[in-house]
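There are 2 protein chains.
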Amino acid sequence: MRAVDVIMKKRDGGSLTRDEIRFFVDGVTNGTLPDYQASALLMAVCVRGMSANETGWLTDAMVHSGICVDLADVPGIKVDKHSTGGVGDKTSLVLAPLVAACGVAVPMMSGRGLGHTGGTLDKLESIPGFRVNLSLAEMKAALARAGCAMVGQTSQIAPADKKLYALRDVTGTVESIPLITASIMSKKIAEGIGALVLDVKTGSGAFMKTEADSRRLAESLVSVGNAAGVRTEAVITTMESPLGRAVGNALEVVECIEVLKGEGPADLIEVTFELAARMLVLGRAAGNRDEGRQRARAAIASGAALERFRQIIAIQGGDSWVVDDPMRLPRAPERHQLTARCAGYVARLDAELVGREMARLARAAYAIVWVNPLKGNPEYQPLAGGMRAALPFCDRFLPGHNLESLEELATVLAGIERRHAA
Amino acid sequence: MRAVDVIMKKRDGGSLTRDEIRFFVDGVTNGTLPDYQASALLMAVCVRGMSANETGWLTDAMVHSGICVDLADVPGIKVDKHSTGGVGDKTSLVLAPLVAACGVAVPMMSGRGLGHTGGTLDKLESIPGFRVNLSLAEMKAALARAGCAMVGQTSQIAPADKKLYALRDVTGTVESIPLITASIMSKKIAEGIGALVLDVKTGSGAFMKTEADSRRLAESLVSVGNAAGVRTEAVITTMESPLGRAVGNALEVVECIEVLKGEGPADLIEVTFELAARMLVLGRAAGNRDEGRQRARAAIASGAALERFRQIIAIQGGDSWVVDDPMRLPRAPERHQLTARCAGYVARLDAELVGREMARLARAAYAIVWVNPLKGNPEYQPLAGGMRAALPFCDRFLPGHNLESLEELATVLAGIERRHAA
Chain G
1 MRAVDVIMKK
11 RDGGSLTRDE
21 IRFFVDGVTN
31 GTLPDYQASA
41 LLMAVCVRGM
51 SANETGWLTD
61 AMVHSGICVD
71 LADVPGIKVD
81 KHSTGGVGDK
91 TSLVLAPLVA
101 ACGVAVPMMS
111 GRGLGHTGGT
121 LDKLESIPGF
131 RVNLSLAEMK
141 AALARAGCAM
151 VGQTSQIAPA
161 DKKLYALRDV
171 TGTVESIPLI
181 TASIMSKKIA
191 EGIGALVLDV
201 KTGSGAFMKT
211 EADSRRLAES
221 LVSVGNAAGV
231 RTEAVITTME
241 SPLGRAVGNA
251 LEVVECIEVL
261 KGEGPADLIE
271 VTFELAARML
281 VLGRAAGNRD
291 EGRQRARAAI
301 ASGAALERFR
311 QIIAIQGGDS
321 WVVDDPMRLP
331 RAPERHQLTA
341 RCAGYVARLD
351 AELVGREMAR
361 LARAAYAIVW
371 VNPLKGNPEY
381 QPLAGGMRAA
391 LPFCDRFLPG
401 HNLESLEELA
411 TVLAGIERRH
421 AA
Chain P
1 MRAVDVIMKK
11 RDGGSLTRDE
21 IRFFVDGVTN
31 GTLPDYQASA
41 LLMAVCVRGM
51 SANETGWLTD
61 AMVHSGICVD
71 LADVPGIKVD
81 KHSTGGVGDK
91 TSLVLAPLVA
101 ACGVAVPMMS
111 GRGLGHTGGT
121 LDKLESIPGF
131 RVNLSLAEMK
141 AALARAGCAM
151 VGQTSQIAPA
161 DKKLYALRDV
171 TGTVESIPLI
181 TASIMSKKIA
191 EGIGALVLDV
201 KTGSGAFMKT
211 EADSRRLAES
221 LVSVGNAAGV
231 RTEAVITTME
241 SPLGRAVGNA
251 LEVVECIEVL
261 KGEGPADLIE
271 VTFELAARML
281 VLGRAAGNRD
291 EGRQRARAAI
301 ASGAALERFR
311 QIIAIQGGDS
321 WVVDDPMRLP
331 RAPERHQLTA
341 RCAGYVARLD
351 AELVGREMAR
361 LARAAYAIVW
371 VNPLKGNPEY
381 QPLAGGMRAA
391 LPFCDRFLPG
401 HNLESLEELA
411 TVLAGIERRH
421 AA
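Each protein sequence line maps, in turn, to chains G and P.
137 is the number that our numbering gives to position 137 of the first sequence; each next residue is one higher, with no gaps.
67 is the number that our numbering gives to position 67 of the second sequence; each next residue is one higher, with no gaps.
A hint or two may mislead.
Given that identical chains are not distinguished, each listed pair holds provided it fits within a single copy or across any two copies.
What the hints assert, rightly or not - With a straight-line cut-off of 27 angstroms between C-alpha atoms, the simulated DSS-like cross-links for lysine-lysine are:
hint	residue 1	residue 2
1	Lys9	Lys209
2	Lys163	Lys209
3	Lys162	Lys140
The set of hints was computed from the structure by calculation and includes no laboratory data.
Predicted model only: the values in this text are computed from it and were never measured.
Please work from the sequences and hints to get the whole structure.
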């Protein structure tokens with residue numbers, strides 16, 4: 001088989017065979033296919049698309065580029081959750097202990113922040129001492145003791161995805177439903193889980209900007225998951241504004257603790273409970289979603305979910321006292337207030353802009369507090385984290401005149417960056 | 001400017017700016033743009049196309065990736081000819097001395113064989129001693145003495161094309177009208193010529209299989225040439241069967257000598273005279289094409305064209321006696337006759353199949369004679385060349401039952417290859 005023939009077939013809109021797709025993925029994995037041929041094929045797939053069969057074969061080939069985790073000795077149906085990525089999207093940190101507290105094992109394997117979106121691993125690492133790189137044995141031990149584990153993918157899981165993603169990132173081939181599907185699902189299928197709930201984000205702050213695209217992605221993900229024997233459901237949720245009121249690793253941990261204490265912002269609670277209910281139904285801990293919601297509410301009311309969070313932090317080497325004393329989390333070296341020029345309500349807060357500016361600051365290792373004195377939320381102010389893993393707090397209280405305020409925000413951020421880069 | 005943004009713009013069907021295109025070409029030329037990004041963009045161009053403006057800018061950027069030859073001190077309008085590539089397409093070898101004999105300077109820069117098509121340089125090099133790698137000073141001296149020169153492009157001309165073509169060849173991005181246009185025209189524009197006649201081949205043996213595609217390519221080439229100040233015309237000619245009766249480097253040289261002597265096959269003569277007439281009009285040596293044809297015919301009848309060929313061979317270090325004694329050309333080590341099973345006429349001879357088999361034999365350094373004893377053309381038999389530069393003769397005399405005979409041909413060719421590979 002010649003790579004150039006496979007590339008030309010896809011270039012002309014043809015359907016690739018299972019063998020051709022495996023040839024491509026194997027070549028990427030073992031380095032026999034040069035990057036320039038891989039990227040040409042990725043671009044052809046991006047523009048021409050892939051059928052459901054091709055997407056399934058691609059996913060399967062990527063699964064088999066590495067190991068498949070065997071969790072058969074962990075009793076029950078193992079359920080994971082995956083989000084396609086948003087700003088302030090911290091539900092994973094709540095879901096793992098919450099669903100575990102309801103009796104379903106959650107072997108959660110997460111990723112890093114990507115583009116303007118945050119990453120569960122980065123957030124967890126803002127907890128002093130927290131280790132996300134557990135061995136498989138450690139992960140199984142954590143599952144046995146706490147019913148959940150929150151770890152990163154090892155390099156042995158779907159190594160083809162790592163190589164392909166690095167290439168897609170620099171060749172403008174990230175935005176492709178079949179490629180996104182195979183990237184997400186290959187890693188999830190290789191995890192050894194029995195069921196999966198997907199949170200497909202839609203809107204200006206998501207990778208999928210329209211509901212139609214999000215629905216197509218959701219359908220593709222669910223179809224590939226079920227075909228591979230992982231019972232898969234998807235929820236499409238909005239990502240126009242950041243989820244909750246905190247954006248930034250340490251600040252998001254604090255907000256998660258609030259939710260586990262029965263507090264926290266309504267939008268975050270709503271999304272978290274919807275996902276928890278589905279995970280509980282798929283894990284056979286609830287007969288239907290209503291029952292699942294009730295069980296989740298009870299686990300929070302009883303303190304069981306919060307206790308589980310404390311437990312898993314301790315098991316994974318973290319400082320579990322952060323649950324009681326958020327001041328133990330890292331803090332930002334600089335804090336700024338953006339004063340609204342007039343009283344009013346926030347009509348809209350652009351998630352992508354906020355996410356992008358925060359990611360920029362995180363790279364520069366600095367953070368910002370962004371508080372509106374007109375409404376005031378001073379309880380957050382001392383919690384604004386610094387250090388690599390810390391990102392700022394933001395709340396929905398820009399005045400109605402959005403553009404002016406967003407420009408002001410950008411100006412302040414640029415000033416901080418300049419000062420600290422010097 | 002970020003390469004990935006340029007790639008994504010084209011991926012989504014956008015039009016690139018002049019600066020973006022120059023950024024891409026400069027990056028390829030100086031090696032700052034990685035191959036995987038270049039190939040992703042090439043694939044995006046392949047699938048999404050380019051506007052006339054973009055194609056012109058791409059050509060211009062490729063021209064300026066290297067030097068532009070200055071032929072200002074050679075008097076008159078310098079005219080070149082370029083063919084998009086065919087099988088048995090040997091017109092260049094006739095045209096250079098013929099047009100020069102009519103008073104128009106022909107600084108001909110040609111290429112090597114590509115895929116199943118032959119290359120002018122390979123054919124010329126079958127003449128013992130012939131040097132195609134002249135310096136610019138040597139080329140100007142040849143132009144001054146003989147009115148023509150037949151050379152290869154130096155590496156200083158459009159170096160971006162060399163890199164891009166190598167990448168296109170292995171990434172399935174050869175077949176793209178804007179990319180083909182920029183590749184051909186950048187080299188021709190950099191040659192320092194004033195006018196150009198293009199022979200755009202169409203049919204099963206050409207790169208463009210349909211007349212519609214050939215017309216689109218011709219229009220693109222002519223438009224880019226004229227916009228760059230090179231008066232450009234194109235002729236679309238058929239390439240279903242090989243042009244003339246000889247395919248193979250040494251054999252084609254012999255056929256060219258025949259044409260220069262006023263003999264040779266009708267189809268080759270027709271194409272050659274049409275191109276010569278246009279070159280003479282563009283070079284202001286004829287008022288119209290009819291007059292051009294008359295001048296060309298006269299130059300052949302008087303022996304002036306043949307004399308010019310002899311002269312340029314000698315100037316470029318070749319054995320000019322081959323004009324009088326074709327036995328001095330290399331010969332094939334093996335010769336085979338394919339006997340037709342019944343008398344008849346050849347309905348069709350697939351140019352691509354013949355070209356591909358011949359290129360395969362040339363790579364293996366072996367050649368074949370392919371003569372039909374029913375019609376007999378024994379005068380060619382002793383001329384069949386061997387060595388690297390020699391390829392076989394073929395004539396249009398397969399019996400009507402084509403498929404059977406072509407299979408027979410393939411079987412014989414495979415047998416030769418096996419024997420000599422052992």
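A quick look at each hint next to the structure:
For a Cα distance limit of 27 angstroms, the shortest separation of Lys9 from Lys209 across copies, 17 angstroms, qualifies, whereas the shortest one inside one copy, 30 angstroms, does not. Taking the shortest Cα distances, Lys163 and Lys209 sit within 27 angstroms of each other inside one copy (26 angstroms), while across copies they are farther apart (38 angstroms). Taking the shortest alpha-carbon separations for Lys162 and Lys140, only the intra-copy value of 24 angstroms comes in at or below 27 angstroms, while the best inter-copy value is 56 angstroms.
Violated hints: none; the structure is consistent with every hint.
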